[in-house]
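Peer 1: Below are the chains, spelled out letter by letter.
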Amino acid sequence: MKSLLSLKIDGNIVLEFDRNTRLPGRQRDFLDKMDEDMSRGIRLSEKNIPEPDDLQRGYYVAMHLLQAFEEGDQGMITATCAYLVQRLPGLNTIQVDHGSQGINLRLNLDQK
Amino acid sequence: MSDYYDNTAERLPQIFYRDLELQLKQHPEGLSEYTLLKKLKALGYFGFLSNRPAKPDALYMAHFLLFHALYRLQKNNYYEKKGIIDIGPFNIRLRDYQSGEAALTVSKDNLAAYYLDMANLDNTSRADVEALLDAFWREYARFDNREAALSELGLVDPVDELTIKETYRRLAMHHHPDRGGESKRLQAINAAYAHLCKSRF
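Here the protein sequences come in this chain order: A and B. The C-terminal position of the first sequence is numbered 112 in our numbering, with every residue numbered one higher than the one before it. The C-terminal position of the second sequence is numbered 201 in our numbering, with every residue numbered one higher than the one before it.
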């Protein structure tokens, strides 16, 4: 497993997050709160998902990471990266491409 | 961490709570912490965020003070049966009061106790915050100043965030290899935008 989670936009790594970082207890509570919020249902690709699974949650959080990156919201970048490395330990890259159809976001997971 | 304000009342004057509640009422669909902070900053609060780039400890202080105020407002709204404030990482929202639900919202939040105790802000060291916000992640930007990064996008100060974002999107689409653009140019655009993202609040 790679020790860094990468955000790659149009083929370029724009940020990396160290998955070995130890989170303080309060920060873990914050991640639980993210889960709690998502357990009430999320909207993903214009569809309502009342009971999202782990991967759907991952996509939802990754969308927020991308938005946070575009806005320069450092707090949300940290929170979303922390969530992704904790909840999807096999995730190595979030890949974003600006294609002709709009933005395409993919989560690249390690092969088991 | 008390470099910015030493006095609790100065940190969050009473009028701040009124303005905060007003912002929540003006956005019934809710808004993110980042958007809420920006709106409050535009009203003259969180002046310590005006340095660019905002320092990690300043960002953390703004976050803590906002959440402290939100949880206080949440409790007051609950006791006065005025409304329910959902305080979430993705969305912060004020909605109509419903008795059973309100009790559940206020009582089960593990973060409330932390943010309601101002000592937790004062006892958080700068090193703790830097470890959280800065050292955790690093970006791959080859620009060491804002002027150079803006220049890559064809912009010069003064320029607002919306213009930067729209220009970035337009250039990224235009120079994408799928549309006949050069990947090196796209890399430079992405690196410039990454630098500008980190250097603004």
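The set of hints was computed from the structure by calculation and includes no laboratory data. Here the structure is a predicted model, which is why all the values come from computation and not from measurement. Among these hints, one or two may not hold up.
[Said to hold, decoys possible] 20 Å max Cα-Cα, derived EDC-like pairs, lysine to aspartate or glutamate:
id : chain 1 : residue 1 : chain 2 : residue 2
1  : B       : K75       : B       : D86
2  : A       : K47       : A       : D37
3  : B       : K38       : A       : E71
4  : A       : K47       : B       : E29
5  : B       : K55       : A       : E70
6  : A       : K33       : A       : E51
7  : B       : K38       : B       : E166
8  : B       : K38       : B       : D19
9  : B       : K41       : B       : E182
10 : A       : K47       : A       : D32
11 : A       : K8        : B       : E182
12 : B       : K165      : A       : E71
13 : A       : K33       : B       : E161
14 : B       : K184      : B       : E161
15 : B       : K39       : A       : D110
16 : B       : K75       : B       : E21
17 : B       : K55       : B       : E80
18 : B       : K55       : A       : E71
19 : A       : K33       : B       : E29
20 : B       : K165      : A       : D97
21 : A       : K33       : A       : E46
22 : B       : K81       : B       : D178
23 : B       : K55       : B       : D128
24 : B       : K41       : A       : E71
25 : A       : K33       : A       : E16
26 : A       : K33       : B       : E80
27 : B       : K41       : B       : D128
28 : B       : K38       : B       : D160
29 : B       : K55       : B       : E161
30 : B       : K39       : A       : D35
31 : B       : K25       : B       : D96
32 : A       : K8        : B       : D86
33 : B       : K165      : A       : E70
34 : B       : K184      : A       : D97
35 : A       : K33       : B       : D86
36 : B       : K82       : B       : E21
37 : B       : K38       : A       : E70
38 : B       : K75       : B       : D128
39 : B       : K25       : B       : E80
Peer 1: Does each hint hold? Answer for all of them.
Peer 2: Hints, one by one, checked against the model:
{"no.": "1", "hint": "B:K75 x B:D86", "verdict": "11 Å, holds"}
{"no.": "2", "hint": "A:K47 x A:D37", "verdict": "17 Å, holds"}
{"no.": "3", "hint": "B:K38 x A:E71", "verdict": "11 Å, holds"}
{"no.": "4", "hint": "A:K47 x B:E29", "verdict": "18 Å, holds"}
{"no.": "5", "hint": "B:K55 x A:E70", "verdict": "18 Å, holds"}
{"no.": "6", "hint": "A:K33 x A:E51", "verdict": "16 Å, holds"}
{"no.": "7", "hint": "B:K38 x B:E166", "verdict": "19 Å, holds"}
{"no.": "8", "hint": "B:K38 x B:D19", "verdict": "13 Å, holds"}
{"no.": "9", "hint": "B:K41 x B:E182", "verdict": "39 Å, violated"}
{"no.": "10", "hint": "A:K47 x A:D32", "verdict": "23 Å, violated"}
{"no.": "11", "hint": "A:K8 x B:E182", "verdict": "17 Å, holds"}
{"no.": "12", "hint": "B:K165 x A:E71", "verdict": "8 Å, holds"}
{"no.": "13", "hint": "A:K33 x B:E161", "verdict": "29 Å, violated"}
{"no.": "14", "hint": "B:K184 x B:E161", "verdict": "24 Å, violated"}
{"no.": "15", "hint": "B:K39 x A:D110", "verdict": "41 Å, violated"}
{"no.": "16", "hint": "B:K75 x B:E21", "verdict": "13 Å, holds"}
{"no.": "17", "hint": "B:K55 x B:E80", "verdict": "37 Å, violated"}
{"no.": "18", "hint": "B:K55 x A:E71", "verdict": "16 Å, holds"}
{"no.": "19", "hint": "A:K33 x B:E29", "verdict": "19 Å, holds"}
{"no.": "20", "hint": "B:K165 x A:D97", "verdict": "16 Å, holds"}
{"no.": "21", "hint": "A:K33 x A:E46", "verdict": "23 Å, violated"}
{"no.": "22", "hint": "B:K81 x B:D178", "verdict": "56 Å, violated"}
{"no.": "23", "hint": "B:K55 x B:D128", "verdict": "13 Å, holds"}
{"no.": "24", "hint": "B:K41 x A:E71", "verdict": "16 Å, holds"}
{"no.": "25", "hint": "A:K33 x A:E16", "verdict": "24 Å, violated"}
{"no.": "26", "hint": "A:K33 x B:E80", "verdict": "25 Å, violated"}
{"no.": "27", "hint": "B:K41 x B:D128", "verdict": "24 Å, violated"}
{"no.": "28", "hint": "B:K38 x B:D160", "verdict": "13 Å, holds"}
{"no.": "29", "hint": "B:K55 x B:E161", "verdict": "18 Å, holds"}
{"no.": "30", "hint": "B:K39 x A:D35", "verdict": "27 Å, violated"}
{"no.": "31", "hint": "B:K25 x B:D96", "verdict": "11 Å, holds"}
{"no.": "32", "hint": "A:K8 x B:D86", "verdict": "33 Å, violated"}
{"no.": "33", "hint": "B:K165 x A:E70", "verdict": "7 Å, holds"}
{"no.": "34", "hint": "B:K184 x A:D97", "verdict": "15 Å, holds"}
{"no.": "35", "hint": "A:K33 x B:D86", "verdict": "11 Å, holds"}
{"no.": "36", "hint": "B:K82 x B:E21", "verdict": "11 Å, holds"}
{"no.": "37", "hint": "B:K38 x A:E70", "verdict": "15 Å, holds"}
{"no.": "38", "hint": "B:K75 x B:D128", "verdict": "29 Å, violated"}
{"no.": "39", "hint": "B:K25 x B:E80", "verdict": "16 Å, holds"}
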